[in-house]
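Visitor: Here the structure of chain A is known, so what remains is to put chain B in place on it, guided by the hints.
One letter stands for each residue in the lines below.
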Amino acid sequence: MPEKLLNLIRISDSFFPMGSFTISQGMEQLVGEKLLPKDKLTNVLRAYMERIWKSFDFQIFSHSLEAAEHNDLEMLTKLDDVCYASKISEENRSSMVKMGINLLNAMNFKKGTLGASYKELAQQEKVHASYPVILAIASRSMGLDQRGGISLIYVNLIEVVASLVRMAEIDYIEAQALLTEAMKDIELKIGQLSDLNQSFPLVDIASMRHESNPNRMFIS
Amino acid sequence: MARTVRIGIGGPIGCGKTELIEKLVPRFDALGFKVGVISNDVYSKEDARRLALTLGKKINPDLILGIETGGCPHTAVRDDPSMNVGAAEKLEKENPDLDLIFIESGGDNITLTFSPRLADFFIYMVDVAGGDKTIRKGGLGLRKADLLIINKIDLAPYVETTIPESATKTANLDLMVEDAHKIRGDKPTVLVSLKKEIGLDEVVKVIREKALFK
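The listed protein sequences correspond, in order, to chains A and B. If you read the first sequence in this note's numbering, its first letter stands for residue 738, the second for the next number, and so on. If you read the second sequence in this note's numbering, its first letter stands for residue 28, the second for the next number, and so on.
For reference, chain A alone in the conformation it holds in the complex (with noise of 0.2 Å):
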């Protein structure tokens, strides 16, 4: 079986230590204030899909795997700083960073390679090491390259369908039948970072609340 292939399904599963288990994307405070009905759960998904994912997120990865393919790490470092600072709520922010730090952690960058440079400026704290931007460096590193845009589509709703199972809101059946739904008729397509956009009101909004909710399983 083709090792990049392997490499595309071992950074998307939940097993990767990246700590996504930790993350449900602003679900556990929309369940906690039953803002979730079952019914409307597919809809909500592909607005993530549409007005996060695929709008900002992908587009982020898809444009720092283009500098990532020119070792243009000052591009790399301005995407970084873009991702990061369009995520409104801190904990979205500091979660997204944790992942793309666990991810560089979880690679072995050969010496002198843009993935180990950024990896140390990372250490350093000169970059934030933003999800997106660190899955297109290390998509490059594995020969992944605009594949690794379908583990971040993936990673995010998993995040997500795994969050709503572990607080019982629906069975692993129910994830498996909302999962196949969200997974039809994806169509990726890079636009100009000029068009970069992301709103889902709703989700910031839960996810600012859900900073100060003492009750909580997730980190965000």
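Rather than coming from a laboratory, the hints here were simulated on the basis of the structure. Wrong hints could be hidden among the right ones.
To be verified - Cross-link-like lysine-lysine pairs, in silico, BS3-like; alpha carbons within 25 Å at most:
{"id": "1", "chain 1": "A", "residue 1": "K863", "chain 2": "B", "residue 2": "K120"}
{"id": "2", "chain 1": "A", "residue 1": "K848", "chain 2": "A", "residue 2": "K815"}
{"id": "3", "chain 1": "A", "residue 1": "K863", "chain 2": "B", "residue 2": "K50"}
Guide: Same frame as chain A, now just chain B:
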């Protein structure tokens, strides 16, 4: 970056993990060790909050971190301890003179172990009120732990034995220790009562000898 000694503490809910930390931190502080604490609460930051209140006068509250575990206490310290490792590295980076970090797992069952990449030394705790047969059930946590602590020994006279072969009607501490030796060999087992402060000196001694080497 220098790495401190990290000690993981696991055990069932209510066995006394948080109280153990509350008792150990002042002792190690008095011995001149600088201590940090990471508390994995399954559903709240209650343990971290309690530790900040009870230990706040002994150690800087910034040295106490709470971590949410996504409802997966095992995963957070064993399969994917990246968030805990990140928290430990944060403490170490901000406090280069830190000697020791206690990492408290969320209350869990007998299969709990700590990833060796997270904890250098693993303490597993049970308590007498949980039943004296707990030890003979075995389990990874009991077997693999570097130190097994049996807490609440003062309650033994008030708890009915759950071992049919026991010569006593109440919780049989001798059998618990015997079972522990069968499962753990020569690895240490210490009987304590945190409430009455029995056995703590022995716990400190074991940690100093086998984890801190000083």
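Visitor: Taking 25 Å as the top limit, are the C-alpha atoms of K848(A) and K815(A) close enough?
Guide: This hinted pair holds, its Cα atoms lying about 23 Å apart.
Visitor: Given the hint that K863(A) pairs with K120(B), test it: the Cα-Cα distance must not exceed 25 Å.
Guide: holds, 15 Å
Visitor: Within a Cα-Cα threshold of 25 Å, do K863(A) and K50(B) meet the stated pairing?
Guide: violated, 39 Å
In this structure, only the earlier hint numbered 3 is contradicted, and the remaining ones agree with it.
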